[in-house]
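In our numbering, the protein residues as written are 578 to 735.
Bear in mind the hints are in silico, worked out from the structure with no lab data behind them.
Only true hints are included.
Pair ranges (Cβ atoms, derived):
id, residue 1, residue 2, range
1, Gln666, Phe600, 21 to 27 Å
2, Glu731, Thr638, 18 to 24 Å
3, Leu644, Ala611, 37 to 43 Å
4, Ile684, Gly612, 23 to 29 Å
5, Ser692, Gln719, 30 to 36 Å
6, Arg642, Ala603, 29 to 35 Å
7, Arg673, Thr641, 17 to 23 Å
8, Cys637, Val604, 28 to 34 Å
9, Arg673, Glu731, 17 to 23 Å
10, Gly596, Ala695, 45 to 51 Å
11, Asp589, Met715, 23 to 29 Å
Calculated pairs, EDC-like style, for lysine to aspartate or glutamate (alpha carbon to alpha carbon, straight line, at most 20 Å):
id, residue 1, residue 2
12, Lys657, Asp589
13, Lys649, Glu731
14, Lys657, Glu731
15, Lys649, Asp589
16, Lys657, Asp586
17, Lys649, Asp586
18, Lys657, Asp669
Positions of the beta carbon are idealized from the N, C-alpha and C atoms, including for glycine.
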Amino acid sequence: MKDHKNTLDLTDSILRILGIIGFFAAVISGFIFAGGNLITLIHIPEIIIVLGTIFFGLLCTHRTRFLSYLPKAMLACLAKPSPDRDYCQISDNAMRNAAAGGGIAVILSLITTMSNLAHPEQVGLRVAAAMSGVVIAMLLSQGLFVYLRYSFSENGSK
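All chains should be built: construct the whole structure from the sequences, respecting the hints.
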């Protein structure tokens, strides 16, 4: 087996960072230009559900391997990582867990909204808040974990 080392190539690192930031910036700026208020995307309960399903789902599935993945994944955002099948699998599972967390966040928020209809004027805002969980999940899934999955693959490490 080849011994691959993380390599720091300045051009590659700049492009990695620009790609990640650009992905998030394009989505968020498009939302703002369409008249959206960025604050409406920040709902702590939905964020907790999405991040919790990702983190604890990966922790119970991959245990110590997931804990070793965390610093490697952060470093992979800056430098080309060594290929690692386990880390590819963890990234794949993170994409699925993000989708599950987003779906769960929407369902739970809608249940909360529909069980409290005493103030009908708040229903629209609460439904919008429910959808923020899906947006956060999609941003993490497609903007971060797809990138990490490719970075840890044989193709991404070339």
